[in-house]
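4 protein chains.
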Amino acid sequence: MQAITVKPPGAGITFQNVDYKNKGIKIKILENGICGTDREIVKGQLNSAAVPAGFNYLILGHEAIGIVMEDGNTFKKGDIVMPVNRRGCGKCLNCLVGRPDFCETGNFVEAGIKGMHGFMREYIYDDEKYLVRVPADIKNMAILAQPLADLEKSMDEIINIQKRMIWKCSDNTFHCLHALVIGTGTIGILFSLLLKTYGFDVTIANRRDAHEKELKIFNMTDLKYYNSANGYNFDNNSFDLIIEASGSSADVISQTLVFLKNNGIFGLFGFIRSGELGINTHMLQDFVYKSIAMVGLINGQKPHFEMAMDHLMQWKYMYPGIDKLLITDEIQISDREKITTALSEKSKDEIKTKILWD
Amino acid sequence: MQAITVKPPGAGITFQNVDYKNKGIKIKILENGICGTDREIVKGQLNSAAVPAGFNYLILGHEAIGIVMEDGNTFKKGDIVMPVNRRGCGKCLNCLVGRPDFCETGNFVEAGIKGMHGFMREYIYDDEKYLVRVPADIKNMAILAQPLADLEKSMDEIINIQKRMIWKCSDNTFHCLHALVIGTGTIGILFSLLLKTYGFDVTIANRRDAHEKELKIFNMTDLKYYNSANGYNFDNNSFDLIIEASGSSADVISQTLVFLKNNGIFGLFGFIRSGELGINTHMLQDFVYKSIAMVGLINGQKPHFEMAMDHLMQWKYMYPGIDKLLITDEIQISDREKITTALSEKSKDEIKTKILWD
Amino acid sequence: MQAITVKPPGAGITFQNVDYKNKGIKIKILENGICGTDREIVKGQLNSAAVPAGFNYLILGHEAIGIVMEDGNTFKKGDIVMPVNRRGCGKCLNCLVGRPDFCETGNFVEAGIKGMHGFMREYIYDDEKYLVRVPADIKNMAILAQPLADLEKSMDEIINIQKRMIWKCSDNTFHCLHALVIGTGTIGILFSLLLKTYGFDVTIANRRDAHEKELKIFNMTDLKYYNSANGYNFDNNSFDLIIEASGSSADVISQTLVFLKNNGIFGLFGFIRSGELGINTHMLQDFVYKSIAMVGLINGQKPHFEMAMDHLMQWKYMYPGIDKLLITDEIQISDREKITTALSEKSKDEIKTKILWD
Amino acid sequence: MQAITVKPPGAGITFQNVDYKNKGIKIKILENGICGTDREIVKGQLNSAAVPAGFNYLILGHEAIGIVMEDGNTFKKGDIVMPVNRRGCGKCLNCLVGRPDFCETGNFVEAGIKGMHGFMREYIYDDEKYLVRVPADIKNMAILAQPLADLEKSMDEIINIQKRMIWKCSDNTFHCLHALVIGTGTIGILFSLLLKTYGFDVTIANRRDAHEKELKIFNMTDLKYYNSANGYNFDNNSFDLIIEASGSSADVISQTLVFLKNNGIFGLFGFIRSGELGINTHMLQDFVYKSIAMVGLINGQKPHFEMAMDHLMQWKYMYPGIDKLLITDEIQISDREKITTALSEKSKDEIKTKILWD
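Residue numbers (my numbering), protein chains in the order written: chain A, 1 to 358; chain B, 1001 to 1358; chain C, 2001 to 2358; chain D, 3001 to 3358.
Treat the hints as calculated values from the structure; they're not laboratory data. Treat the hints with care, since some could be wrong.
[To be verified] Derived, one-sided and incomplete: chain C residues facing chain D with beta-carbon distance under 7 Å:
#, residue
1, F2287
2, M2294
3, Q2332
4, D2335
[As the list claims (entries may be wrong)] SDA-like, lysine to any residue: derived pairs with alpha carbons at most 20 Å apart:
#, chain 1, residue 1, chain 2, residue 2
5, D, K3213, D, E3330
6, B, K1163, C, D2156
7, B, K1129, D, K3213
8, A, K23, A, V109
9, C, K2346, C, K2261
10, C, K2261, D, N3107
11, D, K3129, B, Y1198
12, A, K290, B, R1087
13, C, K2348, C, E2214
14, C, K2026, C, F2075
15, A, K91, C, E2214
16, A, K290, B, L1096
17, B, K1224, D, K3076
18, B, K1023, B, G1106
19, B, K1346, B, E1214
20, B, K1213, B, P1320
21, B, K1043, B, K1168
22, D, K3168, C, S2248
23, A, K224, C, A2050
24, D, K3290, C, D2286
25, B, K1076, D, H3175
26, A, K290, B, K1023
27, A, K28, A, N17
28, C, K2091, C, N2107
29, A, K196, C, K2168
30, A, K290, B, K1346
31, A, K324, C, N2107
32, A, K163, B, K1168
33, B, K1168, A, K196
34, A, K163, C, M2165
35, A, K216, A, D329
36, D, K3043, D, A3011
Only a predicted model underlies this, so the values are computations on that prediction, with no experimental measurement involved. Here a beta-carbon is modelled for each residue, glycine too, at the ideal position from N, C-alpha and C.
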C-alpha cells in the first residue's frame, strides 16, 4: 500500500509502497493532518525522531481519521475513528494506567515520530483499545481532535496543579480568571477556544496584525487579540495563566512572565526553537513570593481525545462556520507536489492542512 | 515593655520600650529565632518590609515561643505556644479559608516583616486562633517549627502538584524517589530531614566541605552530602525533586535543572540574591518534553505549624541529640551587643540562633 | 405582574398578581420547568419549603429560562439566561467559595422552595453573578440544564470521591466501568446520558416495560434497558456505580446494593418517599470488605449549569431529535387548568413539562 | 520450625513444626500481635479465610515484629522490621500501584488470613519491598503499627473523600470538627488518638463505664468518653465524622447516623457481627439533603505502616506511659495454654495482647 515515509535524521519524504501489517482491526485512512512536528521530522530537526525496530524508514503521520473495515468487539464496519498516537512503555506505573504522556522511562513509542509507524498510509491495523470514536457530524473537523487532545490534557494538568489552592471565583467558576495565549497557530487558537469554554477571559497574541480569517474566529468566539510587535505591555498582575504556544523564541517567556498574578501558572507548550529564557534576580524573587508555577505540557491520551471530540461537537454549533475557518487547506493524496511542499513549510494563514485519501 | 525594632527601609535595630497592646490573650515571650529574613530587614534589603499602619517603627521577629499568662478558651495559663506569623487579607478566597500563603490580593500582613508588629518583645497579645500548642517535651527545639512549617507547606504543595500523575513507587511509598536539596542552612537541613521522613533518598549539597556538626547530622539522619565546589556532576535523570534552599546565586538553578527526571519538579524556596536564571533552548525543550514543573514555595499556615511540631517530636527521639545540633547558639536578651551582631550577619556553622528572654 | 404562588405547608397553588421587585437586572421569563419538588410543595409534602422572610406566600419555580431586558455588565439586552436556584448562607466556607450545595449551616435559600421567591412570574430581577448564558441553539431544551446541573455536580462529586483509588481502565477512560441507573424520569434519563458521555456502559431500570418514547431515547443513545418488575437479577460484581434516581421506595437500594463491585459507589439522588433501607449483617460486612461508598447527591452550582449547557449542546447534535423526545409537554401560561393539573401530578410518559410565558 | 496453624473453615489451632521457606531475606520473629480477625479464624467464623495453594493448613498471624538475620539491599542484619500483611493480585491497576487494599479482582492474598502463610512462626523469609523499618525506640509498642496502618489508610481515604468540598475550619485546621468513635478496643482507641493528632475534637463511646486503664488513656490524651448504655443522646448535627469501630451489632449505625452534620461522613471499620442496619425514610431523605457519605474502611499499605511508626514515635513521648497502657498482655510462646485461650477469646480490659518468641 501507498505510504509517506521518512528516514530520520535524514531530511525529505518518500512516497513509497510498503507491505506493513500489524495486529488489530483494519482501518482505511480517510484523512491525515499535518503539524509542526511533521515538518521538524521532514527537515531532519527533531532529535527524538526514530524508525521502528527492524526498519530503515518510518511511516510519517500522527493525526489521522479512518473508517473501520471490519467488525471488531467495540467498533463496527463503517465506524469513523481516530487512532491515539502515543503508546506506553509497558513498564512504568504511568504507562500501566494509560498515561504514557507521563512515561517515566522515556521508552514509549509514538506513531509517525518515534519507534512506531505513523498513519500516512492507505490502511492501518490497530488494537481497538487505541481507537477513538468520531461522531459523524464533525467528520470534517475531527482531525483537530489530535492536537486538541494535547490541550485537553494540558488544561486537566493545569487545573490539577492549581488545586494547590483555590483557583476559582466566588461563584465557583473561572470567569474572573484571565489567560494570555501566545501564538495564533492551531495550538494557540484551539487552546484559546478551550480556555474560553472553561470560562476564562482570554487574550491571544502574535507579533503582527491578525489575519482576516483569524479576526473572524476571534470575533465569533469572543477572544481578545493582542499585537505584540512592540512587545508586551500589560498592567502588573494581569494574568492568572499564560500559555506559550508560539514555539518561537524563548524571549516571549521572560517578557510575559512578569505579568502573572499571585499563584499564577505559566504553561510551556510550544517547541521553543531559539533563544535563552533569562529570569533575572528580581523576577526570580517574585517567582517565589508570588507562588508561581511553570510547567511543560505535552501529549493527550485517550480520555483527552474523547473530550476533544465533545468540544469540537459543541463548538461546531456554538460557533457556526468555525469548522471551515479552522481547516484552511485540503490536499488530495495524488497531489504529491503540494504534499511535499506542505510537509516542508507552513503556508501563510494556515491553521490546519489536511491530506485527503481517496 | 522592651522590644527590638526596625525602621524599614532604614537599616539597623533599636532596643526600645514600646507601649503596644492589641486584642487577645497575653503571652510572655520565652524565645525568638533569628532567620535570614530578619537580617535582610535589618540591612534594609527587604523591599516588602513595612511598618504597621499608624506606626513609624516595626517590632521585629516572626519566630517565637511564649507562655500563656491567662486562661483563654482553648489555651490555659502556663501553656507553651508559638504564634503563626502571617495573617490574611480578610477578602480573598484563599485568606478566607485560612490560606494567606496563597493570598490573591497581596494585602496580608506578616508579623515582624510587613504591616504587623513582630514577636521580639516581652509580651504579645494574640487571638487564640493564631496560636499553636508546643509539646513541653520539645520546648528547646520548638522554635524550629516556624521555618519547618514553611517546608511542611512546601511538601504539601509539591505532593499536590505531582498528583498530575503517579509520583510514587510500586509499593506506594516515595522510597524510589531521589531528591537534591541545595543549601545547608536551617532550611536546607530541615527540608532534607522532612524529605527523608517522607521516604525520599536525599542528597544535600553546598559549595564546600561539610562542617563537623553538619556531618554529624547527615550521618545520624542518613543524608548524602555533595560538595558542589566544582559544580554539579550527576548522571542524567538523577532527581525527581530538586529544592533550591541556598538563597545564593541563580546559577545553581540552571546548573542542576538538567539533572531532573521526567515529571520532575524544581522547588524554589531560597531568596535568590544575585544572578540570572538562564535556561537555554535545549533545556527549555527538555522542560516541555519531560513535563517538568518549577514552583515558588513560601509560608506555612497553622496546620503546617502543627505538622512541624509532630515532626520535631518524632525527630527528637528518632535522632537522639539532634535538638542540640540544630540549635547552634542561644543569646540572652540582655546581651545587646551579641544580638546586634547576630541580627546583622550569620555566624559560621550557624544552623539556628535563638534569643532567650528572661 | 402575574405569578404562581404557594403557601407552604398548605397545599394548592394560586395565580396572583404580585408586586415584588428585588435588586439586579430585569429578566423576562420565557419558560419554566416543572419538577417533582414543585409537586411536593404543591401537595404540602415538602417539609423544608418556606416562604421568604416578610411574606406569607412563596412564588413557585426553580427552573426558568428568561431574556435579559436591559444591558448589564456581563449580559446584554436580548441575551437568553437561566438563573441559578440556590444562594449561599453568606457565612460558611463552602458558601463563600460558591458551593452552597455543601452549605454547612443549612441557612442557604433556594428559589421557589425555601426562603426565596421562585421564577414562575413574568419578570425576575437578579444579580448577574447568578445568571448562566443559554446558547441560542439549544433554547428549546435548555430548561433541562437546571436538573442536569444537579447531575453534573453529582458526577463531579462521585469522581472526586473515587479518587480514593484508581477508578479508571487501563486506557485511562471509564469505558470498562458499568453503571446502573434506577428510574426513568428526567433525572434517570439525564443521568444515564451523562454517564454515557463520560464513557460508562449504562443500564437504566424501571419496574415496567419501557414506553415507546423511552425506547427511542435508549436506542438512540445506546443505553441498556432493564425491566425490574420481577426484581433485580444481575451477576455479582456487575456495577461500579449505582444511582438511585427513582425516588420511590427504599427497597430498591438494598435490592441493588449487592451487585456493586469492589470499590463501588452508590449514589442516592432520588427523594425516597417510603420504606426503610435494610442492610443485613452479611451485606454490611461486604460494604466494609469491598470498600463501598454510599453518598447523598444534591444541587448543582453555576459551573455545573455551564457544564450542563455544554452537554445539552453536544447531545442535541449527537442524538438528533432528542430535544423533542425529552420535552414531552408545553403548556401556555394562560391555560391555568392544565397548569394546575401539571403541578399536582406527573402525567404518563412525562419526561419534562414546560410552562410557556407569552 | 515451630508455627501456630489453623485449618479453615475448621476451628481451633495447632502448634506444629513446619518446613516452609519462601524467597526473600530471613527474619526471626520477635513478637506477634493477636487481633479480632485471628479469633474469627480460630473460631471458624471468617468466611474469607483460606489456606495457601498446595497446603492443607494456614500459618496464622498478620501482626509481627522481627529482626533481620542477614544483610539485604535495603535492610541490614539486626534491623527491626514489620512485614506488610496484604499482597496484591498482580493484575489490577490498584495492585500494580501498590494499593491491594483497593484490589479490583479480589485475588489478593493476606498473610495468616487468605492464601498466604502468616507470621506466627519462628522465621519468615520476605521480599524487602514488603518490610517496614521499626525505630528501635518504639520496639515495645510497634506491634500496634499493623492495626494503626489500617487507620492511617482510613483517615487518608476519609480526607480524600471529603475533598468533595471544604472540610476544614477557617484556620485551615480540623480543630472545629467533631468526631465520634464507637468502640474502645484497639481500633477504637487508636482511631481516636489518630483523630486527636489530626486536630479533631474526639468523643469515644462504649456501652458501659470506662475501665480504669481506659480512663487513664482518655485523660492523658484528652478524649471525651461517652457511656452509651442508655443509647446515644446528642444534639442534632453534633458530628462531622463517626467511626464504627465496635464490630458489634448493626444497631449502633442507625442510632448514631442521625447525629451527623451536613457533609458528614460515616466510616464503617468494624466487622459487624449481627443485626441489620435500618435507615428509615426520613433518615434516607436526610442522607441526601445533608450530602452524607458512608464508606467501608479496610487495610493499610506500606506508606500507612510508615505513617503508623511515625505516629507511635510521636505518641510515646507526647503521652508518656501510653505504650504500657496500650500493650495489656504479653504471653511467652512456650505458654501454649495461655496462647490457646488468648486466640479464642478477648480478655477483659484487653487492648493489645502480644505473643513473645524467645
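Results for each hint:
1. F2287: F2287(C) check passes; min Cβ-Cβ to chain D is 5 Å, inside 7 Å.
2. M2294: holds (5 Å)
3. Q2332: This hint is violated: Q2332(C) lies away from chain D, its Cβ roughly 34 Å from the closest one there, beyond 7 Å.
4. D2335: Interface hint status for D2335(C): violated (33 Å vs cutoff 7 Å).
5. K3213(D) - E3330(D): holds (16 Å)
6. K1163(B) - D2156(C): holds (17 Å)
7. K1129(B) - K3213(D): Distance of about 33 Å is beyond 20 Å: violated.
8. K23(A) - V109(A): holds (16 Å)
9. K2346(C) - K2261(C): violated (35 Å)
10. K2261(C) - N3107(D): holds (13 Å)
11. K3129(D) - Y1198(B): holds (16 Å)
12. K290(A) - R1087(B): holds (16 Å)
13. K2348(C) - E2214(C): Distance of about 12 Å is within 20 Å: holds.
14. K2026(C) - F2075(C): holds (11 Å)
15. K91(A) - E2214(C): violated (46 Å)
16. K290(A) - L1096(B): holds (18 Å)
17. K1224(B) - K3076(D): Status holds; Cα separation ~18 Å.
18. K1023(B) - G1106(B): Status violated; Cα separation ~24 Å.
19. K1346(B) - E1214(B): holds (16 Å)
20. K1213(B) - P1320(B): Holds, at roughly 14 Å.
21. K1043(B) - K1168(B): violated (43 Å)
22. K3168(D) - S2248(C): Judged against 20 Å, a Cα distance of about 35 Å means the pair is violated.
23. K224(A) - A2050(C): violated (45 Å)
24. K3290(D) - D2286(C): At roughly 25 Å apart (the allowed maximum being 20 Å), D2286(C) and K3290(D) break the hint.
25. K1076(B) - H3175(D): holds (16 Å)
26. K290(A) - K1023(B): violated (30 Å)
27. K28(A) - N17(A): Satisfied, since the Cα-Cα distance of roughly 15 Å is no more than 20 Å.
28. K2091(C) - N2107(C): holds (9 Å)
29. K196(A) - K2168(C): At roughly 28 Å apart (the allowed maximum being 20 Å), K2168(C) and K196(A) break the hint.
30. K290(A) - K1346(B): At roughly 26 Å apart (the allowed maximum being 20 Å), K1346(B) and K290(A) break the hint.
31. K324(A) - N2107(C): violated (51 Å)
32. K163(A) - K1168(B): holds (19 Å)
33. K1168(B) - K196(A): violated (34 Å)
34. K163(A) - M2165(C): Given that 20 Å is the threshold and the Cα spacing comes to 18 Å, the pair holds.
35. K216(A) - D329(A): holds (17 Å)
36. K3043(D) - A3011(D): holds (5 Å)
Taken one by one, the earlier hints fail for this structure at numbers 3, 4, 7, 9, 15, 18, 21, 22, 23, 24, 26, 29, 30, 31 and 33, listed in ascending order.
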